[in-house]
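Engineer: Given only the sequences and the hints, what does the whole structure look like? Please build it.
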Amino acid sequence: MDDDLIDSDGLSLSRKSRLPGAGFFYPDSLDEDYADRRAREAIEGAATVVVADGDADGLASVALLRERYDAALDVAPFEESLAARTDPQLDDEAEEDGEDSSVGLVTASPHSLSDALERVAEYADPGVDVYVCDLCPDDESITEVVDAVVDCAGRVRWFDHHQWDDDVAAAVRDAGVDLVVGESDEECTADVTLRSLDVDFPDHLVDLAAVTRDHDLWIKEDPRSDDLADYAHWAGAEEYVTVVGRYGPALPAPVVDYLDHRRVEKEQLIEAAVDRAEMRSVGPWTVGVTYGRCSQNEVAEALRERGADAAVVVKPAGSASIRGSEGFERAHEVAALVNGGGHPRAAGCKPDIYEDMLDYAHHWTTEGYATRQVILAAFERVAEDAERADEADEADDADEN
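For the sequence shown, the positions run 1 to 401 when full-length UniProt numbering is used.
Keep in mind the hints are simulated off the structure, nothing from the lab.
Don't be surprised by glycine CBs; every beta carbon is placed ideally from N, CA and C.
This list has only true hints and no planted wrong ones.
Listed next, the in silico BS3-like pairs over lysine-lysine satisfying Cα-Cα at most 30 Å (straight line):
id	residue 1	residue 2
1	Lys266	Lys220
2	Lys266	Lys350
3	Lys266	Lys16
4	Lys350	Lys220
5	Lys220	Lys16
6	Lys350	Lys16
Label-pair distances were calculated between CB atoms; the ranges are:
id	residue 1	residue 2	range
7	Ala370	Leu13	18 to 26 Å
8	Asp31	Gly127	28 to 36 Å
9	Leu13	His111	25 to 33 Å
10	Ile219	Arg280	20 to 28 Å
11	Thr366	Ala22	19 to 27 Å
12	Thr86	Ser109	23 to 31 Å
Structural biologist: Quick look at the structure:
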């Protein structure tokens, strides 16, 4: 296949917003080979290994751990690379294989957590400290690979803030893991990491945890949280960890310039998604539904300003983000019905409805019609469950009176 067919840089904004990025079209086998190679490089020889979600919260936790072990990388090469990305007269000579930290980082998603832990068990030196940050396993099947990690590690600590199933949490603890789970609607994982480590962290890292919480829990009271969210999304994991570990949420000028450069197109993609949105009444809620490659938080905020209690942003890759508000705190319940999970006001999912590329072709040309219908049906089920629960409460109150 011609590489130009999956290179979205030359597409019009309208087409780019409807199609996934080039990485979507790479076979899983290539991704797995690359992930295995990168994980092995990070794990072998490391004194400490961290498996973390690659978002702002997970990576902030890694920055705290590298501070704890005095293992931060030199920030200068990353700043030089950032400057080159916005100045055509400079050469970006950043190399993929740069300096290594003694705290190795393996990024993972909830769906790849088991694979990441298997790589730790296979490649880690005996007796290493292992941390898992900002990841919640779906079920107790994770315990087999957790046992393997515990067997090779000196100790295993797990920091998170998602809503854990009680049996899964008990199984992980029984395997010998020091599991700390914060309140999902009060703390982010960086908060949990900060309070769980016996370290007097510098002020800029305390601030980093606070601003990360503002983004991750969708509080949106600190404007710096948008900067962290965008930077974590656009930067490589090692770059983000190194820069925020050095500066906290007060990002340096090269990062600010880079964000300004990238946000021109970002705002255009947000506008396209908002323009496509439809408002649907589901039970007592107004749900804004849209489609596109865009920043889901900003789109959800725009839909909320238009009167939506909840927002659904369906992505070209087939996944979707569900965002709530004070009027809707059941996003995780909806997501759980469509192969996902998360928090009361912020969740994600990927309905299991794609059998082949024809299904994806339909997805792109109909702006996610099937996915939107499946998720709206999940909203209907949650609304029905909520109504039945209210009726039961009313009946109980009547009996008491």
